[in-house]
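Whenever a hint applies, use it, and build me the whole structure from the sequences.
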Amino acid sequence: MKKVKKLSLTDLVLYGLVFMVPIAPVSLYGVVY
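Numbers in my numbering are just positions in the sequence shown, counted from 1, shifted up by 965.
Because the hints were derived from the structure by calculation, they are not lab data. One thing to keep in mind: the hints can contain errors.
To be verified - The calculated label-pair distances, taken between Cβ atoms and stated as ranges, are:
| no. | residue 1 | residue 2 | range |
| --- | --- | --- | --- |
| 1 | K971 | V997 | 29 to 35 Å |
| 2 | S992 | L972 | 36 to 42 Å |
| 3 | K970 | V996 | 33 to 39 Å |
| 4 | K970 | V997 | 26 to 32 Å |
| 5 | D976 | V996 | 38 to 44 Å |
| 6 | Y994 | K971 | 36 to 42 Å |
| 7 | L974 | Y994 | 36 to 42 Å |
| 8 | K971 | V996 | 24 to 30 Å |
Predicted model only: the values in this text are computed from it and were never measured. Beta carbons: idealized from backbone N, C-alpha and C, even for Gly.
Rendered as structure tokens:
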């Protein structure tokens with residue numbers, strides 16, 4: 966595995982937000998309905 970760039974905590978947080986944003990509404994709808 967090549968490391969293109971060093972992952973920092975902020976990068977992980979940004980990736981987490983990017984991946985969680987589309988999933989959050991689906992999980993919320995699942996809980997409501």
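Going through the hints against the structure:
no.	hint	in the structure
1	K971 to V997: 29 to 35 Å	40 Å, violated
2	S992 to L972: 36 to 42 Å	25 Å, violated
3	K970 to V996: 33 to 39 Å	37 Å, holds
4	K970 to V997: 26 to 32 Å	39 Å, violated
5	D976 to V996: 38 to 44 Å	29 Å, violated
6	Y994 to K971: 36 to 42 Å	37 Å, holds
7	L974 to Y994: 36 to 42 Å	30 Å, violated
8	K971 to V996: 24 to 30 Å	37 Å, violated
Of the numbered hints given earlier, the model fails hints 1, 2, 4, 5, 7 and 8; all others are met.
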